[in-house]
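Novice: Sequence:
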Amino acid sequence: METVVAVLERDDIAFEIEFERTSEPPFELRLPSHIGGAAVVDVFDLCDSSLWPDIIHYRFSECVPVVIGSSDDF
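Going by the working numbering, the sequence shown opens with residue 1, and the numbers climb by one from there.
Hints were generated in silico from the structure; no laboratory data involved.
We put the beta carbon where it would ideally sit given N, CA and C, even for glycine.
There's no promise every hint is true.
Stated by the list, open to error - Estimated spans, in silico, between C-beta atoms of each pair:
| hint | residue 1 | residue 2 | range |
| --- | --- | --- | --- |
| 1 | E2 | G36 | 37 to 43 Å |
| 2 | P65 | M1 | 29 to 35 Å |
| 3 | V67 | R10 | 32 to 38 Å |
| 4 | T3 | D45 | 29 to 35 Å |
| 5 | G36 | V5 | 28 to 34 Å |
| 6 | P26 | C63 | 17 to 23 Å |
| 7 | V64 | M1 | 26 to 32 Å |
| 8 | A39 | D11 | 20 to 26 Å |
| 9 | C47 | S23 | 16 to 22 Å |
Given these sequences and hints, build the entire structure.
Specialist: As structure tokens, then:
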């Protein structure tokens, strides 16, 4: 399995994750997170893929709530 390193930037913080390489870089990454105990997803948008397929850079875009089920499930 070939992997790619993604550098994720949020404000003044940056960290790296590795994931399985695909044919093209994903335009966004969604990572599970939480705010005050509530489940959310942090969304990172692709901002630099010039070093693809070795390293790609993403910048924090937004935080969205996780929706688990709906009234249609009952």
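Novice: Now tell me if each hint is right for this structure.
Specialist: We went through each hint and held it up to the structure:
no.	hint	verdict
1	E2 x G36: 37 to 43 Å	holds, 38 Å
2	P65 x M1: 29 to 35 Å	holds, 32 Å
3	V67 x R10: 32 to 38 Å	violated, 23 Å
4	T3 x D45: 29 to 35 Å	violated, 21 Å
5	G36 x V5: 28 to 34 Å	holds, 31 Å
6	P26 x C63: 17 to 23 Å	holds, 18 Å
7	V64 x M1: 26 to 32 Å	holds, 29 Å
8	A39 x D11: 20 to 26 Å	holds, 21 Å
9	C47 x S23: 16 to 22 Å	holds, 20 Å
Hint check: violations occur at hints 3 and 4; the rest are consistent with the structure.
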